[in-house]
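Chains as they are written, first to last, in the working numbering: chain A, 1 to 462; chain B, 1 to 462; chain C, 1 to 477; chain D, 1 to 477.
Simulated from the structure, these hints should not be mistaken for laboratory data.
Predicted model, so just to flag it, every value in this text is computed and none were measured.
Glycine residues also receive a C-beta, built at the ideal position from the N, C-alpha and C atoms.
Treat each hint with caution, since some may be false.
[Said to hold, decoys possible] Facing chain D, from chain A, some residues (calculated, C-beta under 7 Å):
| no. | residue |
| --- | --- |
| 1 | 52 |
| 2 | 74 |
| 3 | 85 |
| 4 | 92 |
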Amino acid sequence: MSELNVIKKERTAVINPIVTCQPLGAMYAVSGIERGMPLVHGSQGCSTFVRYGFARHFREPADIAVTSLHEDAAVFGGRKNLISGLGNLAARFKPDVMGVVTTCSSEIIGDDVAGFIKTAKVEIAKKMGEEAANKIKIVQINTPSFVEHQFKGYDNAIKAIVDTLAEPKDEENGKLNIIPGIVNPGDIREIKHMLSLMGVEGILLTDTSDPFDSPLRPSKADKNPYYQKGGTPLADLQDCANSLGTISLANYANSAPASLEKKYNMPSKVSEAPIGIQNTDSFIRTVKKFTGNDVTDEILDERGIVIDAMADVASRYLFGRKVAIYGDPSITVGMARFVAELGMIPKVVCTGVKNEYFVNDLKKVAKESDEDIDALFGQDLRALDVYLKENPVDLMIGSSDGRLMAKDLGIPLYRVGYPVYDRVGYQRRPIIGYNGALNLVDGITNTILDKYYETQDWKLQQ
Amino acid sequence: MSELNVIKKERTAVINPIVTCQPLGAMYAVSGIERGMPLVHGSQGCSTFVRYGFARHFREPADIAVTSLHEDAAVFGGRKNLISGLGNLAARFKPDVMGVVTTCSSEIIGDDVAGFIKTAKVEIAKKMGEEAANKIKIVQINTPSFVEHQFKGYDNAIKAIVDTLAEPKDEENGKLNIIPGIVNPGDIREIKHMLSLMGVEGILLTDTSDPFDSPLRPSKADKNPYYQKGGTPLADLQDCANSLGTISLANYANSAPASLEKKYNMPSKVSEAPIGIQNTDSFIRTVKKFTGNDVTDEILDERGIVIDAMADVASRYLFGRKVAIYGDPSITVGMARFVAELGMIPKVVCTGVKNEYFVNDLKKVAKESDEDIDALFGQDLRALDVYLKENPVDLMIGSSDGRLMAKDLGIPLYRVGYPVYDRVGYQRRPIIGYNGALNLVDGITNTILDKYYETQDWKLQQ
Amino acid sequence: MPFCLLDVDKDIPEREQHIYIKDSKEPKGHCKQRCNTNTIPGSMTERGCAFAGVKGVITGAIKDVLHVVHSPVGCTAYGNGTTKRYPTRPEMPDGSVFPVENFNLKHIVGTDLTESDVVFGGMNKLKKVIREASKEFPFVNAIYVYATCTTGLIGDDLDAVCKEMQAELGKDVVAFNAPGFAGPTQSKGHHVGNYTIFEKLVGTKEPPKTTDYDINLIGEYNIDGDYWVLEKYFEDMGINVLSKFTGDATHGELCWMHKAKLSLVRCQRSATYVAKLIEEKYGVPYLKVDFFGPEYCAENLRAVGKYFGKEIEAEAVIKKEMEKIQPELDFYKSKLQGKKIWISAGGPKSWHLSKPIEQYLGMDVVALSGLFEHEDGYEKMQERAKDGTIIIDDPNTLEMEEVVEKYQPEIVLGGIKEKYFFHKLGVPSVMIHSYENGPYIGFEGFVNMARDIYTAIYNPAWKLMEFEEEEPGDSNE
Amino acid sequence: MPFCLLDVDKDIPEREQHIYIKDSKEPKGHCKQRCNTNTIPGSMTERGCAFAGVKGVITGAIKDVLHVVHSPVGCTAYGNGTTKRYPTRPEMPDGSVFPVENFNLKHIVGTDLTESDVVFGGMNKLKKVIREASKEFPFVNAIYVYATCTTGLIGDDLDAVCKEMQAELGKDVVAFNAPGFAGPTQSKGHHVGNYTIFEKLVGTKEPPKTTDYDINLIGEYNIDGDYWVLEKYFEDMGINVLSKFTGDATHGELCWMHKAKLSLVRCQRSATYVAKLIEEKYGVPYLKVDFFGPEYCAENLRAVGKYFGKEIEAEAVIKKEMEKIQPELDFYKSKLQGKKIWISAGGPKSWHLSKPIEQYLGMDVVALSGLFEHEDGYEKMQERAKDGTIIIDDPNTLEMEEVVEKYQPEIVLGGIKEKYFFHKLGVPSVMIHSYENGPYIGFEGFVNMARDIYTAIYNPAWKLMEFEEEEPGDSNE
């Protein structure tokens, strides 16, 4: 028992992928900057597919510009496109930050992106004046699509943002840098809520909560151009060099913490997503360690309410039920640990990445939960489909991309992660932290009740 | 169009009631007092059925004592039982407040409850000493079971609490009295959240949020005897005479506001539950009016997020769908107004009470929504069942008591109100206020998607 | 001194007589523990009322009758759906199908008494309501009418009304006179239910057919499907359950109980009365049986087999079922060995279960209690308890807190009202009245219960209950 | 001057030529509006890429083929499930049933190119992947293979690989060479799709049976069930849809398009090419048809009827369908009369819909735009627009903001990317590419669209958008 059985992909083909390419992660990261604008240096599909995906999941606009590479760029390079793209964007949108996101095309063509950015800065200054131009920061983010996946792209982007923008000062700012990973607005709000209960001010690297979940209030909106509310202000990004420490809540996002640690001797900690009790406890302890602030009764009462819910429902409805979890390497591992905390069996965990942190984190879960776990590693949804036909489970947990599979398999799906487009509100509901755990307890339990208890409905009488 | 068609009960029989008797409302109200203990003066069933119901709904302990009337009391009266019950409770539990809740038996027997309480006070003082005894307040709450229903019992209880405990001072306390009605912990927390966003301190009359949703933290719990955390402190109840105003969020709870208004010249407002946009707007305006505090951007941003969700999903998924709503006269009316705000048709609204406020509030909804509404007035679930067999709807909204009916009718049920025992977490999720509206938008939409869109699953692709 | 005054009871010293600590040096092995007396007012009992006893326990499990509660709306509301979980199947003994499945969970009728009824009496209203109810659900085979506190106090004569209505409607209309205040506990309601059914129904109808192996299964209410478990065993043995009292039963079955060859009494607290009366009047002998736990279940199937000359069939059932459950039993025993348990059932389950839980699960029974048990039941609890076990009649919440502190049970089998209270003290609790993931009876039922106890104790929430200030060593650092 | 430089375009003055304001005093009634040119970098276009054009629009609607995307994982991921909503039924033309329902929405294969493939070329990997894919889904009737930016740039020869694999696997393996960077818009992908299907497939297979009333329905992708609406009409008229291109189609249907008596071109932007080529080579004539809105739908059914001598049948269908929808049309017109609308479709729908929306719903078309429309399309938009209407090629988000401000549309028909942006400006938007509660084609489809427009405009959220500081008069005070 308690073995981790790593099952690698035997095919060369990828069938029904559960990862996508690097640029998405970078676009997500830049979208979390106040008046931050991603400029994808590539074909139109590279931005349009992602905007489509964000719109579908967040039900919000996602402003992402593109340099529209075409045949001429393939032959002569993307110089003109990038320089004019930056210039047009700067002049028309007056952003605080532009994040240049490369793609397979611009990387294969071999564009001198750094050089082009320099030229663009000069041209922008010519057009808008030195002062206005200097206010617009440009971050170069290399995200070759043929290397790894969106999580790497996110990691690269956060590192590039930090490396480009951070400005050390003589004094600490008393704040904590938090790298949330590719998560939902609800998750980031929950992180901020926990910090506030601990009396800690955070610098989110970056904060997509408001940009991807903005009020509809035309009378108060930024117009001409319209910007979604919120995001991490440039000043905070610059200030991140002066924080007490950096906590990354995504096991794949470790480059920026390392860079900050190296440059500014700032302590850092990288973990899987703080999903469930132990992971959140660990996050809270790290906050305490880095800031010296006490763990307040308020936050422990919130914790106690989840524990209460778990005591009331986990053994009664959930215990021993087998779960398949798929998606994001950090979220899946967090979810696996949490379903084990609910007495369920994380029978199979499937991710598209091939990084060792996924395996290491899962080994810990297998040991703790005293159950064998099958890890589909560097795999795809087809592999999970085939696996589940042979090894049925009681519940699937993952994105909407598994919905038709779940339906065909007759297994109920609890929606978690990105993207969720076939139901509403999931982007607002945290899965992170104690309140996230509470949502999950309720949501998972109700899914189980729907599927397995309604057939004997008298059982639900009390 | 826009007529309210009031359909009264033609039967004498009540079949599958959706109301219960007065004492429940009083037990609920007293449970919202810190170290407050209801003492039911009646048969054991009167407390046990209610404790069972609360346990099933809140998944929490509900400490309610009873005087255990038996045959001898029927003959000789309940004097001994009440006096010794109060004495035992006082000595063993050392509560801050004991609420004596009468029942059909004690009312029919004709017990001199006021007199017995006086005697009990003397005996308690003898036993525990004058000082200790004086700390324990006793509130007499007359709730004859054969008059009206639990909502009246709640109203009577809040009035009795206020009349017995309020202590006027020379100065205003700058606070606002809020009577939440029989609602869930999540609702009360949302009320407190809204007040805090407005910079207002509230006195909840009473506050069941923590008592009915308490953390599991044995190390921090009150023991010997165990008390659930929270509830409105006695000091606050005493201070309610000095508030800026009283807002009742339940159309049936108008006696205490009237009493406070009369005695202390304190402005008051009584409305249906602030469910949905307009009702919550109205609540916010009243808070502003009574306190002079501004409506903050923070709260309007929360409002904007609901509006955003409504703009995104209401017309697309919900418009024109017919809804049946049943239960609490205040919540059903609020829900009817809100589903109309979602473009749905509140086709039929069913309540067990016979009070005119229900009809008046619904007339307004019919007018606003430009739809005919059938009001089952003073009715029961059987009447709704018969109605729905003839007039099918797309969605039912109400308590778990309609679950088997909904299943037999093939109509999906969105759970709201009391009791909800066949799913988990509903007691924590507000339906009141902007965040409540957001929960409802998501919950109702997902219910509709489950039932009506999964059959054509490609429609959920975006 | 076998009695015990708990610290929390210093203000109500009468409680001492209700609390016994097993001491095998007691001359008689047991001791007259005070029970079935009125609860001390204000002491936070878990007991219910007599109306709950008759409708909630006895009659609510019948599939084809309509219940009319003569009460203000509250009692009717609380009587709806039943507080227990009593499923029924629509199949009728004559092969027909009742038109509504789980009818007993779906409908209840009340007279909705108001002030003027209290003043002027409610008998006419009751008649009207019975007529309406009969019209609303014409397919029901009987109407049962319940007194409540209000109607008990105002003195309405339910028997007279029912007699009149029975004549008018041409179907059985039966009054159950168990107002809430009657008797110290719901047990009074059981009693009234038994007598009423015996006096008014038994012997009034004939079954569609009979066999030589017909039994009455009395005191089996099909909680969460209990009866359906036993039904299989009897079927396998070639024994025919002619009448259930009352789980998944029909009204007719109650009326022809006199035609069985043998009555088995499953719940001996709520239903022995009726078996005795049937024996006395009709000569149908009865056996007290116990199907909780593999050994009692086997023993009692053997006894029934022996009675009918079906020993071989009984052995076959026992062997088959034991083989199925043995591996699971072994697993749960390995997990539950030595864990301290407090069994706090309504009555009989506290003594039914104590031995099997020790024997098959290796658990340490540290406390037993009952809500409405009588002297004979406490005798059995005392007999079956090991020395030092605390046995409490009608425990109140403060006592429960003290028992948890002093006896440190790792699990409590109790009711839903207590469940969440125990949770707050950090002690898991499994609902023993109506079960969590039942049924709990018979061989497989015992395994279900073992699983529910196991999952409750091993729910990781208990280990995570308190926040650790220090990072555990093997963690994610 | 019919062209218009918007305020937000002062830094990109080239945009002036793309934006036209209808002026009927123009000598020719229309004006050569610039279109189908590369988007200005950094201007936030709504356009997609050529790969999206071929897989997302043309081939993704076919029920029985497997798609292999030769790309890094991203393009494969984005190609999965299709961004449009293209349901398929498993029924095959020969009466058999395809083993997976909605297979086209469920599976996609990719070569998952990595750095070393980029350096050393991906052709061998592609072969391997095609073999694996064929093994994984042996029941598919063809495999379609897609170039992407990466494989376009590294120069892999997909045709060579596919030829080899076709021989090896014994089923059609077809390369679609439309890498993302090809052409200014997805329209390039449509183009490549058309030519590829014509050159490699049409004429290569024979249908199981033919009739005298066989048609090709070209450019109909069954968005949200559009095709199933039209299918009913044709069935009622006795006309047989021999081949769809490509909604709910089979691979085989594409191969026997040469056997139809007539081709109908539904989406004239994405699919006229193939109809022309088939006419040229096989002599199958084609009609450009329009089934959006009752009048066009009736007209075009009549034209088809006339072609086949089925005038009476056509009239019967039209009459029946019109009678069904008239009351609803009247209702929606009463609600939508005078409301300002902006139609911003990909291309043709902007001119298909402008007249019917005016005529049947009484709405005021204030703006038209297209993402990938060509000159002929803009001519039609110009012709059909009333004076003052703004017509924009490839509108970018800043322009959209300005148009909303200046033209104050009360509803925009657009894409999902723009939808939530318009919402934030307080303007409702309905998804016109893949619909909200479609289908939108035909008689009943037009009513569906009218209903979606109606519900979007009348969504009470818009009236509640801003908090009122003062209590409204008729409220709850």
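Status of the hints after comparison with the structure:
1. About 6 Å separates the beta-carbon of residue 52(A) from the nearest beta-carbon of chain D, less than 7 Å, and the hint is met.
2. Taking 7 Å as the C-beta contact cut-off toward chain D, the hint placing residue 74(A) at the interface holds, the least distance being around 6 Å.
3. Interface hint at residue 85(A): satisfied, since its Cβ lies 3 Å from the closest Cβ of chain D, which is below the 7 Å cut-off.
4. Checking residue 92(A) against chain D by beta carbon gives a least distance of about 6 Å; that is within 7 Å, so the hint holds.
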